[in-house]
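Protein chains: 2
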Amino acid sequence: MKLAPLVLVSLSLAFAGAFAQQPSAPAPAAATPAQRVVSPEVHADRQVTFRLGAPKATEVVLTGEFMRGSKPLVKDERGIWSVTVGPLEPEIYHYNFTVDGLKIVDPANAELKTGSTAQTLQSSLTVRGDAPAFYDGRAVPHGEIHTHWYDSKSLKTQRRLTVYVPPGYEADTAARLPVLYLLHGANADETAWYRLGRANLILDNLLAEGKIKPFLVVMPFAYGMPPGTPRGERDNTTMFGVDLTEDVIPFIESRYRVKADREHRALMGLSMGGGIALRLGPNRLLDLFAYSGGFSSGLGRPEDFPRDYAELIADPSKSNGKIRLLWIGCGREDGAFKASKALSEFLTTNNIKHTFRETDGAHTWIVWRRYLHEVAPQLFR
Amino acid sequence: MKLAPLVLVSLSLAFAGAFAQQPSAPAPAAATPAQRVVSPEVHADRQVTFRLGAPKATEVVLTGEFMRGSKPLVKDERGIWSVTVGPLEPEIYHYNFTVDGLKIVDPANAELKTGSTAQTLQSSLTVRGDAPAFYDGRAVPHGEIHTHWYDSKSLKTQRRLTVYVPPGYEADTAARLPVLYLLHGANADETAWYRLGRANLILDNLLAEGKIKPFLVVMPFAYGMPPGTPRGERDNTTMFGVDLTEDVIPFIESRYRVKADREHRALMGLSMGGGIALRLGPNRLLDLFAYSGGFSSGLGRPEDFPRDYAELIADPSKSNGKIRLLWIGCGREDGAFKASKALSEFLTTNNIKHTFRETDGAHTWIVWRRYLHEVAPQLFR
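As they're listed, the protein sequences go chains W and B. Numbering-wise, our numbering puts 77 at position 63 of the first sequence, and it's gapless, one number per residue. Numbering-wise, our numbering puts 192 at position 178 of the second sequence, and it's gapless, one number per residue.
What the hints contain is simulated information worked out from the structure, not anything from laboratory work. Don't take every hint at face value.
Pairs count within a copy or across copies, as identical chains cannot be separated in the list.
Cross-link-like lysine-lysine pairs, in silico, PhoX-like; alpha carbons within 25 Å at most [said to hold, decoys possible]:
id, residue 1, residue 2
1, K367, K355
2, K273, K355
3, K367, K352
4, K127, K117
Extracted from the complex, chain W is given alone in its bound form (with noise of 0.2 Å):
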């Protein structure tokens, strides 16, 4: 079983089964030791073993969202660096190595976290439990992805976006169906919620238990200027809210068959696409917006929130008419916990409903899934 641990990790998600049933072989010869090795390898125990072929290293270390800090790995005589962890807990984690100083991902293992920048590159470990976990594939019925280009008018230009169309939409032609808008952080694109958050396969899930009804997912890329660029004049809230608006919405109310009212749209997002959404959203509230949601939201400054958001709080009991979600989560680890707390309590000063989840995690895609598998249950209700 020595190639078991390189397929399972080294395939797209939905064929490790298939290939599990598969005779076992020798993993085929590369160039260098670096390839040659098997990392990360998933014991039965789920303890995990990383390995790095660099026999002229002089240190390795490992770094990782299965725990705090780093950890060494040790070299053998054939110059194989390795460290075993764990047992951890079935999750999907990211993690590098640094060789002597130089932050590197797994150069064995073919899954990686990848985004608009550098900055987010990290390789991918999955860890299985026993049973699948609520974004692993099912044998359910599954919905589509769909890759758009679209003509933005306020940027000038051509762009992607992402489409999770449930079961059913297409064969279902009279139907007309909500709209969850989700947008990624910052280092991410328009692809990143359902590479790496899973999103289709969450809702599939969810779906088939019977949990959501259906409705469709967009991706767009949050984005308005480039990655990096400092607050200014313009900032991306504003560059990126008027292509929301104006541009990605209607593209979508034209091509699919939704419905275009602000009780059928949500908009939700993760770290600064939760800021943007937590922005927006409660401020198109009466025209565009009655679900919005933020998390780990890269929020503004706290003493800006009265000028924020002076419309939603001018007469809490017209807002709170019209809110039907205004859901905010942070992990109690991540650097962005205090600023969603002081939203919170801004709002709750103001007498504006909401819900604030307070939780374990950090800033990563651990909480995000399980956030969208918690929030999306109460969308569309």
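For chain W, the structure is supplied; the task is to place chain B on it using the hints.
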């Protein structure tokens, strides 16, 4: 303009135009010097500088599709290694660094060649010319990319496939279109032909130029057994072949408005997928595929050709009456060249009409994008 090169390579291809108009900004602070450097930086004269922050390394070497062999980087007093190459022809290239014997991707570059195994991991370099290339996104109508999960009864799993749906398909609900089934190579997956091969943009551009009529492109996952499995009683062509003919084609013909006959089906592929296409296609000439083609194909042994093509060569005039295209292309610098030439000679000897295209180039996407661009106008005429 310090951020520009970083931004250009970092962002999804369609956004470069918009962001090039944005004001420049300092690169955001990052954790390690490796991520603070700009790499690769394409200069106005199309020379390219590669950089790596690795103060403790003793040797750093560059390899890439833009040159033969390798080139050493030189370290400056801050521990930043660099080398400048070119000027390079406008093209999309892949490259690696090797740091003290360890082959890695460029930690400062968000654009990667990824696949179903780690052996394919490389960084991407896009060198733009004065005019858009045939594979660049242009201001023309764009098709959609659909990702499906389908039930493979033959492989007893659910697996993914990708479909290019040309512009106009959704609007013209009376049209039924032909289908090109297009296969990836070893270590790649069902996303390779659009992410790396730009199949969608190449066809969008050909359509806009009036050089092709619309057709669907179906890009399945062309592994029927795990990557690297040695050929035994069951080989990948057989295993995947059953999935293709019994699961993929029926799925496509039930989901899309397509013409379901041999005159409107083509089967093509590259490398491993070219080997599958050139074995399966001509052998299902009578019932499934009037068009077959292989790019840099991974073919079997020439001594097996008489057995592999027994039916095709039995009655050349009958076969030739059915062949609309049998296309074999390979670059002279490609290790697969000899086998492609041998197949062409075998077909010539047996009076089977076909096209053999002998071109410049090696075993790279540079060649395969050009072949698709050349072959597409010969389909479904």
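Now the hints, each set against the structure:
In this assembly of identical chains, the alpha carbons of K367 and K355 lie at most 25 Å apart only when taken from the same copy (14 Å versus 73 Å across copies). In the homo-oligomer, the alpha carbons of K273 and K355 never lie at most 25 Å apart, since the shortest distance is 33 Å inside one protomer and 58 Å across protomers. In the homo-oligomer, the alpha carbons of K367 and K352 lie at most 25 Å apart inside one protomer (19 Å), although the nearest pairing across protomers, at 72 Å, exceeds that limit. With identical chains, the CA atoms of K127 and K117 are at most 25 Å apart both within one copy (14 Å) and between copies (19 Å).
Hint compliance for this structure: hint 2 alone is broken.
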